[in-house]
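Colleague: Sequence:
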Amino acid sequence: MFVRTLVALGALLSVGNFGPDLGAASAAPQPAPPPVSPQAAAAGLIDVRTVVPDAVIDLRYATPNNFVGFPLYPADARCLIHESMAPGLATAARILRAHGEVLTFWDCYRPHDVQVRMFQAVPDPNWVAKPSQFARSHESGLSVDVTITGVDMGTDFDDFTPRATAYATTGVTPAQQANRARLRDAMVAGGLSVYPGEWWHFNGPGAAEPRPILDVPVN
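The numbering of the sequence shown is this note's numbering, which starts it at -8 and goes up by one.
Take the hints with a grain of salt, since some may be wrong.
[Claimed, not checked] Distance ranges between label pairs, derived from CB positions:
(1) Thr152 - Gln124: 17 to 23 Å
(2) Pro65 - Ser123: 20 to 26 Å
(3) Ala23 - Val179: 17 to 23 Å
(4) Asp67 - Ala169: 32 to 38 Å
Just so you know, the hints here were simulated from the structure itself, not pulled from any lab data.
Every residue gets a Cβ at the ideal spot worked out from N, C-alpha and C, and that includes glycine.
Take the sequences, apply the hints, and build the full model.
Modeller: Shown next as structure tokens:
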């Protein structure tokens, strides 16, 4: 099934149904990412650059620039998403690309053990999802944390203040609100939904459904 899905995905990309039409923001052709690990492939995970080749990958949890202050991922971590996210992300990227803008990805698939460590650091389910016996959201590759590259959204990633909520107005300028709305509109056009508590967090269809925990390395 997975192989057939990838074949179908490739066919769609080739005819431009939701593929990487680089448009206004295009630069030099991007090299194809290397194949994902056998474990990732078996779980239906793909590298986001296969469908958003101009994506800026800035995985904060592979660096000390995050809320725990030290890396949680290996330095060679990849932005992996469930294959069902591909059409929506490609659509969102194409809409933004038409205006000369590109997506930056801050987080994608997140291993369960990392989620556990995050909750230990900030044991508040209002800001960090409490780990369970099932995988949801990032743990199943069905959520992404994104921004528009170089655009002022009013807060940085993982800002644990009310200003970080998706529809915040207090402490967020009209221009920053408009920037968030532009990101939301593009993602919603791709069938993704914003998590109200974080302007950068978007869920694909089925992200909230409980799934088996994946034992897949992020690299």
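Colleague: Given the hint of 17 to 23 Å, check if Thr152 and Gln124 actually sit that far apart at their C-beta atoms.
Modeller: Check failed, 31 Å falls outside 17 to 23 Å.
Colleague: Does the Cβ pair Ala23, Val179 satisfy 17 to 23 Å?
Modeller: Once the Cβ atoms are compared, 29 Å apart, the range 17 to 23 Å for Val179 and Ala23 is violated.
Colleague: For the hint 32 to 38 Å, verify it against the beta carbon of Asp67 and that of Ala169.
Modeller: Distance hint for Asp67, Ala169 holds at roughly 36 Å.
Colleague: Within 20 to 26 Å or not, the Cβ separation of Pro65 and Ser123?
Modeller: 25 Å, holds
Comparing the model with each earlier hint shows violations of hints 1 and 3; every other hint is respected.
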